[in-house]
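Residue numbers (our numbering), protein chains in the order written: chain P, 1 to 640; chain A, 1 to 250.
There may be inaccurate statements among the hints.
Claimed, not checked - Under the rule of at most 30 Å between Cα atoms (straight-line distance), these lysine-lysine pairs were calculated in the DSSO-like manner:
1) A:K47 to P:K506
2) P:K306 to A:K147
3) P:K213 to A:K11
4) P:K499 to A:K47
5) A:K11 to P:K488
6) A:K20 to P:K213
7) A:K105 to P:K213
8) A:K11 to P:K486
9) P:K499 to A:K20
10) P:K499 to P:K544
11) A:K11 to P:K499
12) P:K544 to A:K16
13) P:K491 to A:K105
14) P:K633 to P:K15
15) A:K47 to P:K486
16) A:K78 to P:K213
17) A:K105 to P:K180
18) A:K47 to P:K510
19) A:K47 to P:K558
20) A:K11 to P:K544
21) A:K47 to P:K531
22) A:K11 to P:K491
23) P:K376 to A:K147
24) P:K544 to A:K47
25) P:K366 to A:K147
26) A:K20 to P:K506
27) A:K47 to P:K488
28) P:K213 to A:K16
29) A:K20 to P:K544
30) P:K24 to P:K182
31) P:K612 to P:K510
32) P:K558 to P:K580
33) A:K11 to P:K506
34) P:K558 to A:K16
Derived from the structure by calculation, the hints contain no laboratory data.
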Amino acid sequence: MALDSKIPAGPLAEKWTKHKFNIKLVNPANKRKYDVIVVGTGLAGASAAASLAELGYNVKSFCYQDSPRRAHSIAAQGGINAAKNYPNDGDSIFRLFYDTIKGGDYRSREANVYRLAEVSNNIIDQCVAQGVPFAREYGGLLDNRSFGGAQVSRTFYARGQTGQQLLLGAYSALSRQIAKGKVELFPRTEMLDVVIIEGKARGIVVRDLVTGKISSHSAHAVLLATGGYGNVFYLSTNAMGANATAAWRAHKKGAYFANPCFTQIHPTCIPVSGDHQSKLTLMSESLRNDGRIWVPKKAMPGLTAKEAVSIPEEERDYYLERRYPAFGNLVPRDVASRNAKMVCDEGRGVGATGQAVFLDFADAIKRLGEDVIRDKYGNLFDMYRQIQGDNPYEVPMMIYPAVHYTMGGLWVDYNLMTTIDGLYALGECNFSDHGANRLGASALMQGLADGYFVIPYTIGDYLAGMAYDKVPTDHEAFRQAEDEVKEKINKLLRVNGDKTVDEFHKELGKVMWDYVGMARNEEGLKIAKEKIREIRESFWQNVKVLGDNEEMNLSLEKAGRVADFLELAELMVDDARDRKESCGGHFREESQTEEGEAKRIDDQYSYVAAWKYQGEGREEALEKETLEFENVKLTQRSYK
Amino acid sequence: MNLTLHIWRQKNSTDKGGFKAYEVSNISPDMSFLEMIDVLNEELTHKGEDPVHFDHDCREGICGTCSMVINGRPHGPKQAITTCQLHMRSFNDGDDITIEPWRAKAFPVVKDLIVDRSAFDRIIQAGGYVSINTGGAPDANEIPIPKRIADEAMDAAACIGCGACVAACKNASAMLFTSAKISQLALLPQGNTERHSRVEKMIWQMEEEGFGACTNTGACEAECPKEISLVHIARVHREYMAAKVSSHNV
Ligand SMILES: Cc1cc2nc3c(=O)[nH]c(=O)nc-3n(C[C@H](O)[C@H](O)[C@H](O)COP(=O)(O)OP(=O)(O)OC[C@H]3O[C@@H](n4cnc5c(N)ncnc54)[C@H](O)[C@@H]3O)c2cc1C
Ligand code: FES
Chain P
1 MALDSKIPAG
11 PLAEKWTKHK
21 FNIKLVNPAN
31 KRKYDVIVVG
41 TGLAGASAAA
51 SLAELGYNVK
61 SFCYQDSPRR
71 AHSIAAQGGI
81 NAAKNYPNDG
91 DSIFRLFYDT
101 IKGGDYRSRE
111 ANVYRLAEVS
121 NNIIDQCVAQ
131 GVPFAREYGG
141 LLDNRSFGGA
151 QVSRTFYARG
161 QTGQQLLLGA
171 YSALSRQIAK
181 GKVELFPRTE
191 MLDVVIIEGK
201 ARGIVVRDLV
211 TGKISSHSAH
221 AVLLATGGYG
231 NVFYLSTNAM
241 GANATAAWRA
251 HKKGAYFANP
261 CFTQIHPTCI
271 PVSGDHQSKL
281 TLMSESLRND
291 GRIWVPKKAM
301 PGLTAKEAVS
311 IPEEERDYYL
321 ERRYPAFGNL
331 VPRDVASRNA
341 KMVCDEGRGV
351 GATGQAVFLD
361 FADAIKRLGE
371 DVIRDKYGNL
381 FDMYRQIQGD
391 NPYEVPMMIY
401 PAVHYTMGGL
411 WVDYNLMTTI
421 DGLYALGECN
431 FSDHGANRLG
441 ASALMQGLAD
451 GYFVIPYTIG
461 DYLAGMAYDK
471 VPTDHEAFRQ
481 AEDEVKEKIN
491 KLLRVNGDKT
501 VDEFHKELGK
511 VMWDYVGMAR
521 NEEGLKIAKE
531 KIREIRESFW
541 QNVKVLGDNE
551 EMNLSLEKAG
561 RVADFLELAE
571 LMVDDARDRK
581 ESCGGHFREE
591 SQTEEGEAKR
601 IDDQYSYVAA
611 WKYQGEGREE
621 ALEKETLEFE
631 NVKLTQRSYK
Chain A
1 MNLTLHIWRQ
11 KNSTDKGGFK
21 AYEVSNISPD
31 MSFLEMIDVL
41 NEELTHKGED
51 PVHFDHDCRE
61 GICGTCSMVI
71 NGRPHGPKQA
81 ITTCQLHMRS
91 FNDGDDITIE
101 PWRAKAFPVV
111 KDLIVDRSAF
121 DRIIQAGGYV
131 SINTGGAPDA
141 NEIPIPKRIA
151 DEAMDAAACI
161 GCGACVAACK
171 NASAMLFTSA
181 KISQLALLPQ
191 GNTERHSRVE
201 KMIWQMEEEG
211 FGACTNTGAC
221 EAECPKEISL
231 VHIARVHREY
241 MAAKVSSHNV
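Chain A extracted, bound-state conformation (with noise of 0.2 Å):
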């Protein structure tokens, strides 16, 4: 298929960036999204342009690295995969494509498509841990989780900490990232002890962070690629209240 790219160029942070206009052609719809713009880079190298910088690691759906809004959606069109694991037969020939960087204050562009993403690692620093040193820990059957509560914790804990959530918030919220941790150490006994400080921590960072707020619209769960559900942020809400009760932190 022949395409046309439309995709965000920005030297570096300060620059102000803008589209500019590419032609792909023979592309094979068995090529994954970010193999086409190989493609398209190979080519521009050659050219002597500078190629389009993009993130990307694992390219299999995991590591949360790669990060596009693809006609203006994070991830593009489908349902439940990263930008990685998007296929070119999901295209049509002669299609114009809009290719675009995560759009948030909280992570500034760093290059054309990269964005900084460190706001989320602070996020978890301010508390989404259980706090023990290594060496010392119980038999690992002393603590049994009931499968329900422990499949819900995964549920959470599968959260890539991509930031689609974000990227497909009207406010920019980090709200869902945030909670998926927050929920997955709620759920299990192991976070018990900490989980009033915690919420109080990491929600308090997240608007340090300059994240929006969360009004709930649902935007996040919809374009989440591992469907992370907004459960886990009404049990937030939960939790932040009761925290809120009980403790003096923060």
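Chain P with its partners taken away, still in its complex shape (with noise of 0.2 Å):
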């Protein structure tokens, strides 16, 4: 099958009004026939589902945590952007789209970052109509801050708990539409494959989380809003419940999957502190505004923060303004974490293992004064004290780089559909946006511009193509995609093994850390495949999990997330392998300049790698999707 990412002809800038005005729609009178599957109830998945309800159409919406209030997306921090231009400080929808792009290192779509920057603004005036209580100035207009080193101040917040309140604001719309009965609520449910009829997506199997029953759901389309997959990597700062099963499943049922290996590590999360850590604890990129970030000249192996404190100025290497005097502590997020690593590798990190560098406010302090930084970062700071014990405002903060974003996901079109008909992937389950790397505060966009302003439109040219019949869920498709989900979960409860879940997650999480993180090459990958296909393979003799599936059995759920994690993990490696140049969040040793930094081979590797399934334990066949620049000139991205 050819690729055929449905762009529509024209100027950049008139595509998508261009697009909406050309598509089929379904009448007001006859939405109500159709049937829509929303999975996921984050920023993508609850704005979906509200605004499909709004439409009309009938709605199913799923989640596995208890209420939809809790999805993943509650947890971010800094902000969204968009092109608002309220600052006037030259911001316009073009630069929001040239910063988005560049940022993306040229691996992502012209037009679907257009139309991402496009609807930015729509975003905030909706979010402000539903009482999201953003940040305000004296004057009683919204306040903006710049954010991820963008030149501009397009970043729009509420405290420290943006996702928190753009999320609360989508799951308010949601609710309204579960009370006026459009909305159909199952949390607590977890979606375990999606049922293909006739080539088209037509519902889904799911367990109830409680009671542990098996059932099908019936719908004219399914999208899906299942977040990132950097739980693979077992340590990220995702919620530990986050998972790649319903995109890794419906990639097994046909949907491409699309640069698995562009994953985004953040340069400020709170270091690991020993083998008992279950998560990573990000701390907000706005710390880099103030923070300085350094290691000693010489090693010093197990130097604490405390001691820091007395090490004088000219021992000090704050590496990234030495290195980059241009940006020096802004450098964006993936030049951070290289160098971050860099220095540790060269046995210069800090801390108990090594594993950490500093983040020093005490120049901030001097400059602006205590009250001044805690007015800013008061909630961080103490946050950080909570859980490193260390006072910040009197010692450096200890910082390392984690896994935090998956930019890979299900390759969709410019309608959000994937490789299924039918079938939608939204939010950061998609692949769509951001390229090689995405920048702070866009990933709240994007996940709202799928949902509020671009599922609406694009569902209906396929629905206006539909049939109104439903499917009963008696179908033999259905029948067989239980039985084969039945037969997955007696398969892992029969092993009785003698290792837990998490110890082989761990396990895995390890090999993609050392091989497959924030520098590859091709050596280490090839040995990353071989330890995985050995983790799988013993996962599946050795896995204990306990109880039966006719209960509430976390481990049975988690065990189930970790075998997927084993599959997609293996596909990682093979699209870095694939792709033998660096670029963005992707550093392939074997492609940097003569000064380190990462290179990218435009001529080679300006594609998506789009990956078909081809079976059980056969290589995936890879898909080239070729990217078009029109309107931006590739360059090397400098931060000197």
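Each chain sits in its own coordinate frame; assemble them with the hints.
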């Protein structure tokens, strides 16, 4: 199958408007004849479910948490971008588009990114109308800040809880539709398969996480808004339950998986403290506005934050300021992360593990006073103190990069449809807009763009061509999918080995971090592939999952998710091996400039790598969607 | 450190349930409380015993999923944090720690430490929103909102819906949770049109779910991990009176 991205013809700035005009509409009276399943209640899922129900479609909404309000989007801290140009500092739709394309290291589609920038302004209007309490200035207008090294102030925020407030806004819209009976909600319900009939997605198979009951839901279209797969690394900033299961099982049913190796490693997280570590906590990027990052010039193993205070200036290496005088501590995430790894690999890392660098506020406190710093970062400093036990007003913070976001995901066309007809992917779950590196404050923007302003239009084009008939859930295809799901669960329960699910997950995470993390090379990737296969084999022979299916069973839930991670991990390795260039978050050691910076190879790798599942135990097939750039000139990123 | 845990075990909603004691050893003070339970669960799994079921997700104090009563206090001994933000350095070697689920009629136990909080969702569904559809919103800066008002609305909106307020209250009242949302929307011009019907519907739903009456003891505020203030309850009392006088709803 040749991949058709369905990008509309015409000038960039007119594509979306023209497309909205050209696509088919479903008559208002007929919308209620169509059922739509939305899996996921994060920003993408909740906004989509609410908006589609408002239009008149019958929506069923699913999440694994006990309430839609707890989706992982809730944890986003820093903010959401939009091209409002309220501060009058030169922002525009084109600039937001350009920054996002460039930030993504030219590995995303121009048309998609332009549309994202275009609808960004509507998102802010919509959220404010819902009552989202964004930060304001004394004059009562919305406040903006510059975020993640952007040259303009285009980030809207609600204290350090922007994701929470945006999600609660979408959740309130969703709740309103639930009350109206237009959305039926299924919390604590996990989707375990998608059902395809005559080439079209017609429903899903789910497990009730309280009773264990396996059942089916039928619809005219299925939307996946199930988030990212960062937890394949075991340790990440993602919520504990974040998983790849929905996307992966759709992939095995025919949805192509795009750019799986594109993962974002965030530079400012609290370092790992020991083997017991279950997740990593992000310290907002905004800290780099005032904090200075350093390690000692000469290795000083075990150096603590308290001891650091007395290290004289001339023995410190502020390595980002030294290497990137123009951007200093504000270089993009991938550059900051890679440099932290480099200095730690040289043995100059600090703290008990040597896997940490200092983020020091002493100068900022001297310059601005403790009160100003408290005002700006008080909650982050408290959080740090709570977790680490150190007081960052007195000693430097210790930070280290951690897995944060996955740019890769299900391949979708301009309409957000996967390679399976009627199956859509929204939010972090798709691959669409961030290329090889996502800019800060743009994931929230993308999730809400997809849900509020893209899918409500594009789904109509598909449904308008569908008959109203519903497929009953006793249809053979549903039966068969349910049987497969049950068999997989029974298989997990039957193994009864001697290693816990978490032990396997940790083992996988370590391999991924060591070989498929911040720097990758051919030899390491080969080793990773072998090791992943070994772990996967061992998993199916030795995993210990207690209890039954017919009850709440957290280890069974987790086992299913880890089983999927073990397969996805191998595809990430294959993808990283295929892409022999460095770009964005994907750093191939073989492809660097003389100064050790990432080197893209545009004439060979300007494509989206879309992988097609070929069956159990077989190598996946690669299809390439060539990226065309008509409106931007490709340049090598430089932050010197 | 070595600790003795007394944990509420209950197989499902119909099981009677009871406390069971577990010893855990070599606990590092750097571990979070939930990581300590992870250690216990790994041991139990190896021994072939059902691990302790508990709710958690973000593990950074924002999703509102974690919910344990630790030594009689929702989210444990420390002020203004959730269970997942509690670290073992707040305990001493040799401590006995009691761990229970939220206890409230409106929050039935699902399994062990997990309760059903869907009543909270239904309170929001009763009116915790501004009735606007997607699209057609005016420019975001068209309605200026004084910073003081926006900040106060944000204070209320910071609620994470964990339910600690209910667990802390001797009447198991959901007044702090319900008022936080009503107060946020009452403060903002966007919420003004529906303010009377909203307060009536949400309070009605709260009572319908079986939460107790608010007698202003303030235990909810003291245990709230986000320090949501009683001021919001006071505002809701005023909103409710005003609504009763002026509307014909409910
Ligand atoms: C700590 C942190 C801070 C961040 N800060 C920012 C920021 O400041 N700005 C920014 O733009 N981005 C930020 N991000 C990224 C951003 O939060 C996410 O990319 C975004 O919220 C993802 O939204 P989503 O709707 O795609 O998915 P999610 O919010 O992850 O939602 C996934 C949904 O799918 C459901 N689900 C998953 N699998 C299944 C299944 N099998 N069956 C049923 N349901 C399922 C879940 O229950 C959930 O409802 C941050 C991320 C993290 C981790
Ligand atoms: S797990 Fe999210 S608040 Fe504790």
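Hint check:
Restraint check for A:K47 and P:K506: the C-alpha separation of about 20 Å stays at or below 30 Å, so the hint holds. Using a Cα cut-off of 30 Å, the hinted pair P:K306 and A:K147 is violated, with the two alpha carbons roughly 39 Å apart. Among the hinted pairs, P:K213 with A:K11 is consistent with the structure: their alpha-carbon atoms are about 17 Å apart, no more than 30 Å. Using a Cα cut-off of 30 Å, the hinted pair P:K499 and A:K47 holds, with the two alpha carbons roughly 11 Å apart.
Under the criterion of a C-alpha separation no larger than 30 Å, the hint pairing A:K11 with P:K488 is consistent with the structure, at around 24 Å. Restraint check for A:K20 and P:K213: satisfied, since their Cα atoms lie roughly 28 Å apart, inside the 30 Å limit. A distance of roughly 26 Å separates the Cα atoms of A:K105 and P:K213; the hinted pair therefore holds under the 30 Å criterion. Proximity of A:K11 to P:K486 is assessed by CA-CA distance (about 22 Å); at most 30 Å being required, the pair is judged to hold.
A distance of roughly 25 Å separates the Cα atoms of P:K499 and A:K20; the hinted pair therefore holds under the 30 Å criterion. Of the supplied pair hints, the one linking P:K499 and P:K544 holds, its CA atoms being roughly 5 Å apart against a limit of 30 Å. For the given pair, A:K11 sits about 24 Å from P:K499 by alpha-carbon distance, which is consistent with the 30 Å threshold. Of the pairs offered as hints, the one joining P:K544 and A:K16 holds, with about 28 Å between alpha carbons and a cut-off of 30 Å not exceeded.
Note on P:K491 and A:K105: the hinted pairing is violated, with a Cα-Cα distance of about 38 Å set against a maximum of 30 Å. Of the supplied pair hints, the one linking P:K633 and P:K15 holds, its CA atoms being roughly 20 Å apart against a limit of 30 Å. Restraint check: the Cα-Cα separation between A:K47 and P:K486 comes to about 26 Å, which is no more than 30 Å; the hinted pair holds. A C-alpha spacing of about 39 Å is found between A:K78 and P:K213, which places the hinted pair above 30 Å, so the restraint is violated.
Under the criterion of a C-alpha separation no larger than 30 Å, the hint pairing A:K105 with P:K180 is consistent with the structure, at around 26 Å. At most 30 Å may separate the alpha-carbon atoms for a hinted pair to count; A:K47 and P:K510 meet this at roughly 25 Å. Of the supplied pair hints, the one linking A:K47 and P:K558 holds, its CA atoms being roughly 19 Å apart against a limit of 30 Å. Distance restraint check for A:K11 and P:K544: the Cα-Cα separation of roughly 20 Å lies within the 30 Å cut-off, and the hinted pair is therefore satisfied.
Note on A:K47 and P:K531: the hinted pairing holds, with a Cα-Cα distance of about 28 Å set against a maximum of 30 Å. As the CA atoms of A:K11 and P:K491 are separated by approximately 23 Å, the hinted pair is consistent with the 30 Å bound. Restraint check: the Cα-Cα separation between P:K376 and A:K147 comes to about 16 Å, which is no more than 30 Å; the hinted pair holds. Under the criterion of a C-alpha separation no larger than 30 Å, the hint pairing P:K544 with A:K47 is consistent with the structure, at around 10 Å.
For the hint linking P:K366 to A:K147, the alpha-carbon distance of about 29 Å falls within 30 Å, and the restraint holds. The hinted pair formed by A:K20 and P:K506 meets the criterion: a straight-line CA distance of about 29 Å does not exceed 30 Å. A threshold of 30 Å between alpha carbons decides the hint, and for A:K47 with P:K488 the separation of about 24 Å falls inside it, so the pair holds. With a C-alpha separation of about 23 Å, the suggested pair P:K213 and A:K16 falls inside the 30 Å cut-off, and the hint holds.
For the hint linking A:K20 to P:K544, the alpha-carbon distance of about 23 Å falls within 30 Å, and the restraint holds. A distance of roughly 23 Å separates the Cα atoms of P:K24 and P:K182; the hinted pair therefore holds under the 30 Å criterion. About 26 Å separates the Cα atoms of P:K612 and P:K510, which keeps this hinted pair within 30 Å; it holds. Distance hint between P:K558 and P:K580 is unfulfilled; the C-alpha atoms sit about 33 Å from each other, more than 30 Å.
Proposed proximity of A:K11 and P:K506 is supported: the alpha carbons are some 28 Å apart, at most 30 Å. For the proposed pair P:K558 and A:K16, the alpha carbon gap of about 27 Å is at most 30 Å, so the pair holds.
The earlier numbered hints that this structure contradicts are 2, 13, 16, 32.
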